[in-house]
Amino acid sequence: MKHVSGYTNSARFRALEDLQKDSADLCLIYCGWEYCEPGHRYGPNMRTTYVLHIIRSGRGTLEIHNQKYELTAGDAFLLCPDVEAWYEADWEDPWSYMWVGFTGYRAQEYAGHAGFTKRTPIRKVNCGKELNENANPPAMLGRIV
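Residues 1 to 145 (the UniProt record's numbering) make up the sequence shown, in order.
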């Protein structure tokens, strides 16, 4: 059975109806942030969606396509679907990062416009100040919750 999404566009009403994640240009799947423990490792693993990580502070290592990247604050990396990767926080200066998982039939195109491809999974970003403006360090979390 073929899935059909409806779009209504009138002067009084606009809606996407019966929308599924694979029928959208770009669809948020999940997001979050983490202050990693020294040596915290994730993977190796293969994602089913795109996952963009932006490193806020510290250092760590990403291995993807049999290549290791040493990353620091201001770096971002994109994990593409069906590509095996692992990443690990530095033992001396563990990183903190934010991530967003997304999919959609134009997700690969949009990732490319942002400077990411399967073969160029890392790049510098200039949004660190904005990302860190309202961030609370781990020591503050107990007082906030």
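Simulated from the structure, these hints should not be mistaken for lab results. Nothing here was measured: the structure is a model prediction, and the numbers come from that model. Beta carbons: idealized from backbone N, C-alpha and C, even for Gly. Treat each hint with caution, since some may be false.
[As the list claims (entries may be wrong)] Label pairs and their calculated CB-CB ranges:
(1) I29 - T117: 15 to 21 Å
(2) C127 - M46: 17 to 23 Å
(3) W91 - T117: 17 to 23 Å
(4) T48 - D93: 17 to 23 Å
(5) R119 - W99: 16 to 22 Å
(6) R119 - I29: 20 to 26 Å
(7) A114 - G32: 16 to 22 Å
(8) G39 - G112: 16 to 22 Å
(9) E109 - C31: 40 to 46 Å
(10) T120 - P38: 26 to 32 Å
(11) Y105 - H40: 30 to 36 Å
Hints versus structure:
Remark: the range hint 15 to 21 Å for I29 to T117 is upheld by a beta-carbon distance near 20 Å. Range check, C127 to M46: about 27 Å between beta-carbon atoms, so the 17 to 23 Å window is missed. At roughly 30 Å, the beta-carbon separation of W91 and T117 lies outside the given 17 to 23 Å, and the hint is violated. Distance hint check: the CB atoms of T48 and D93 are about 31 Å apart, inconsistent with the given range 17 to 23 Å.
For the pair R119 and W99, the beta carbons lie near 21 Å from each other, so the given range of 16 to 22 Å is met. Range check, R119 to I29: about 23 Å between beta-carbon atoms, so the 20 to 26 Å window is met. A C-beta distance of roughly 19 Å is found between A114 and G32, which places it inside the suggested range of 16 to 22 Å. Between G39 and G112 the beta carbon distance is about 33 Å. The supplied range of 16 to 22 Å is therefore violated.
Take E109 and C31: their Cβ atoms lie about 20 Å apart, and the range 40 to 46 Å is violated. A beta carbon spacing of about 29 Å between T120 and P38 agrees with the range 26 to 32 Å that was offered as a hint. Y105 and H40 have their C-beta atoms about 34 Å apart, which keeps the hinted 30 to 36 Å range intact.
In summary, the numbered hints that this structure violates are 2, 3, 4, 8 and 9.
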